[in-house]
Each structure stands twice: as C-alpha cells, then as structure tokens.
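Top line first, the protein sequences correspond to chains A and B.
For what it's worth, our numbering labels the leading residue of the first sequence as 1, then goes sequentially.
For what it's worth, our numbering labels the leading residue of the second sequence as 1, then goes sequentially.
Note that these hints are calculated values from the structure, not bench results.
Be aware that one or more of the hints could be misleading.
Any copy, or any two copies together, can satisfy a pair, since identical chains are not distinguished.
[What the hints assert, rightly or not] Mimicking SDA-like on lysine to any residue, the simulated pairs with C-alpha atoms at most 25 Å apart in a straight line are: (1) Lys-121 <-> Thr-71; (2) Lys-88 <-> Gly-18; (3) Lys-77 <-> Val-90; (4) Lys-48 <-> His-130; (5) Lys-162 <-> Leu-43; (6) Lys-99 <-> Thr-71; (7) Lys-152 <-> Glu-21; (8) Lys-159 <-> Leu-43; (9) Lys-31 <-> Tyr-94; (10) Lys-162 <-> Ile-120; (11) Lys-121 <-> Tyr-24; (12) Lys-48 <-> Glu-85; (13) Lys-152 <-> Leu-79; (14) Lys-77 <-> Cys-153; (15) Lys-121 <-> Lys-162; (16) Lys-121 <-> Ser-27; (17) Lys-88 <-> Lys-119; (18) Lys-159 <-> Asp-111; (19) Lys-86 <-> Lys-99; (20) Lys-31 <-> Lys-159.
The model shown is predicted, which means the values in this text are computed figures rather than measured ones.
If you want the building blocks of each chain, they are given just below.
2 protein chains.
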Amino acid sequence: MADVETKEERMILVAVDGGEESMYALSWCLKNIISSNSNDTLLLLYSKPPRVVYSALDGTGYLFSSDVMATMERYSKELADSVMEKAKRVCRGYSEATKVETMVEHGDPRDVICEVAEKIKPQVLVMGSHGYGLIKRAFLGSVSNHCAQNVKCPVLIVKMPKH
Amino acid sequence: MADVETKEERMILVAVDGGEESMYALSWCLKNIISSNSNDTLLLLYSKPPRVVYSALDGTGYLFSSDVMATMERYSKELADSVMEKAKRVCRGYSEATKVETMVEHGDPRDVICEVAEKIKPQVLVMGSHGYGLIKRAFLGSVSNHCAQNVKCPVLIVKMPKH
Chain A
1 MADVETKEER
11 MILVAVDGGE
21 ESMYALSWCL
31 KNIISSNSND
41 TLLLLYSKPP
51 RVVYSALDGT
61 GYLFSSDVMA
71 TMERYSKELA
81 DSVMEKAKRV
91 CRGYSEATKV
101 ETMVEHGDPR
111 DVICEVAEKI
121 KPQVLVMGSH
131 GYGLIKRAFL
141 GSVSNHCAQN
151 VKCPVLIVKM
161 PKH
Chain B
1 MADVETKEER
11 MILVAVDGGE
21 ESMYALSWCL
31 KNIISSNSND
41 TLLLLYSKPP
51 RVVYSALDGT
61 GYLFSSDVMA
71 TMERYSKELA
81 DSVMEKAKRV
91 CRGYSEATKV
101 ETMVEHGDPR
111 DVICEVAEKI
121 KPQVLVMGSH
131 GYGLIKRAFL
141 GSVSNHCAQN
151 VKCPVLIVKM
161 PKH
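The shape of chain A in the complex, shown without the other chains:
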C-alpha cells in the first residue's frame, strides 16, 4: 500500500553545507526515503554567507575595496558550485532517476532554510545535526535545532555515526 502512495509527487528539501555530515544526511535520505520508482524531487539548498559579513571581516573599520569584494564573491560562488557538485554526485550514486534541483541563497542558514521551507512547503526537510562550523554554531546556536523548532514540515535530523 505504501508503495502506491510513495508514487505521489513529493518535494524533499535537503540542506547541504559541504560538510561530511550534510552529505551523510543526503545519502541517508536517498537510501531510506527516496524510492527510485517515485516522483520525488530532491531540492538541494545551500546558503552562502550573507554579503554584509564581508565588510565586518576586515576589523579595521574600513570597507573592502571592490576588488576584494569581487574576489570574495567569486570564491563564495565557487564554493557553492563545488558543494552542489559534490551533492549531485552523491545523488547520482543512488539513483539516476531522481529529479534533483539546486538552490543557492545568501544569508544565515537558519533563516534561509526556514524561509525556503515556508515557501516551498516540502514533504520533509532533511539536514545534518551540526555543520556550519563549531565557532559559528557557538554564536548562532545549532542550525538544526532552530529549524526543527521553526519550520512547519517534518524535519529529519541525521547525525554522522561516530565510528
């Protein structure tokens, strides 16, 4: 019975950040939730750091020159592309048939993920439990924790096994 039902179209939102744990979360989702005969669409979401952060990085009170800004923007874009390529490779490793879409947004991952989830109303949001760096997490709190409390759809939090 469940087989028939999983054939309905589902949108599955996976937050990726390039870290090993988010890729593990993606694999887990592909292995345990997606079935190859389904009409599932996997939307991979990556959030680039917000642009305003760059002017604060300097610390001297001066804004960066447009050259530096352009370099950082390019680096940020390259990083996003590389994360998405890695994630798409993981998807292809499981099933060629699953539709995979990507979305890159600027902003704090907590806000970005909640806003996108609110907008597209996925069947489920999948994410790693950590990610986004230890120091950033100490300041901002856990991204997964924030999302689990704020999004309305089911949230699947996948932790990297210790071994």
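Once you have looked at the hints, place chain B on chain A.
For chain B alone, coordinates are given in the frame of chain A:
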C-alpha cells in the same frame, strides 16, 4: 536502486503518547518511510509516568495507600494499552505486512526514548514535536528537542499541520 536497499531489515522506533500529533507522526512514517515490500520492523514506544510521581501528587506529605497506588497503576496500564491499540490500528490502516512491536516503559519520556534508542540502535527515531502536555513541557522542555540533541540515530520530528 533505493528499492533494493530498502529491503534490508530496518528497525524504526516511533515514540507514541496517545496525542493526535504522535499518531500523525506514525502515519507520516508509515506513508513516507515504510514500504510494504520491506523487512521493516516498527517498534512503538510508550512511556508511562514514573511510579515515584504518584506519591508527590497528593501534596499533603502522606504517601498514598496501597489501594490508591494499585488503582493508579491499573489506570496507567489501561492508558498504555489504549494508546498502543490506537497506534496498532493506525499501522494496520497502512499495511498488514509491516511487523509491529510494542514497548512500554516507566519514566520521563525524554530519558526513556533516549535510553531505548541507545539500546536498540534503530535506523531512525520518529516522534511528534509536542506531546506530553503543555504544562509538563514548560517544566521539562520539549521532548523532541531533547531527543534530537541526545540520540545518535537520525531523528524525524513530525509536526501536526495547522489546518
């Protein structure tokens, strides 16, 4: 590919509390994760209030007589049975084939769920985001929040849609 892989044996732990949200979480899991051709086992876990709580309910400083204790224990058992019956009915509504096991433990749901997850190491822990009453939650904090932070396996938190 995923079809073949979901045929491996999976243990799925679902925390139920008799509330509408935990039953919705169970339905969501049956519809979206369990496939009827799989070897999945669904373990339904219910935690009864810890026995020691009864002596505090009085508030006079006197312990309850054994009669009162026995009545409460019986009531607690009947409640657990009724929750499990309800949950099993939900399961049968989706698939007769899925193996369903039940487990009832005494204790704070946060501890019970984490301990059972640690012991049986399920593929995924499924639970509602609320449950266990508004007042209790205010004192104890969110059960799902606690479990998401403490269990090692993937955690799926399902919220009841508002409409």
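Check your understanding: How do Lys-159 and Asp-111 come out at 25 Å by Cα distance, when the copy is not named: within, between, both, or neither?
Key -> both (21 Å within a copy, 19 Å between copies)
Review point. From the Cα coordinates, with 25 Å as the cut-off, is the pair Lys-48 and His-130 best called within, between, both, or neither?
Key: within (16 Å within a copy, 32 Å between copies)
Review point. Given a CA cutoff of 25 Å, do Lys-86 and Lys-99 count as a within-copy pair, a between-copy pair, both, or neither?
Key: This pair counts as within: shortest intra-copy Cα distance 16 Å, inter-copy 37 Å.
Review point. Is the C-alpha distance from Lys-77 to Cys-153 at most 25 Å within one copy, between copies, in both cases, or in neither?
Key: This pair counts as neither: shortest intra-copy Cα distance 29 Å, inter-copy 33 Å.
**Study point:** Lys-159 and Leu-43: within-copy, between-copy, both or neither at 25 Å Cα
**Key:** both (20 Å within a copy, 21 Å between copies)
Check your understanding: Between Lys-99 and Thr-71, at a C-alpha cutoff of 25 Å, which is it: within one copy, between copies, both, or neither?
Key -> Classified as neither: same-chain Cα gap 33 Å, cross-chain 57 Å, threshold 25 Å.
Check your understanding: Should Lys-162 paired with Leu-43 be assigned to within, between, both, or neither, using CA atoms and 25 Å as the limit?
Key -> Between copies, since 24 Å is at most 25 Å while 27 Å is not.
Point to revise | Lys-152 and Leu-79: within-copy, between-copy, both or neither at 25 Å Cα | key: For Lys-152 and Leu-79, the Cα distance exceeds 25 Å both inside one copy (30 Å) and across copies (29 Å).
Practice item. At 25 Å max between alpha carbons, let me know whether Lys-121 reaches Tyr-24 within a copy, between copies, both or neither. Key: both (23 Å within a copy, 17 Å between copies)
Practice item. Evaluate Lys-121 and Ser-27 at a C-alpha cut-off of 25 Å and name the case that applies: within, between, both or neither. Key: Classified as both; 22 Å inside a copy, 18 Å across copies.
Review point. How would you label the pair Lys-152, Glu-21 (within, between, both, or neither) given a Cα cut-off of 25 Å?
Key: Both: 23 Å inside a chain and 13 Å across chains, each within 25 Å.
**Study point:** Status of Gly-18 relative to Lys-88 across identical chains (alpha carbons, at most 25 Å)
**Key:** within (11 Å within a copy, 40 Å between copies)
Comparing the model with each earlier hint shows violations of hints 1, 6, 13 and 14; every other hint is respected.
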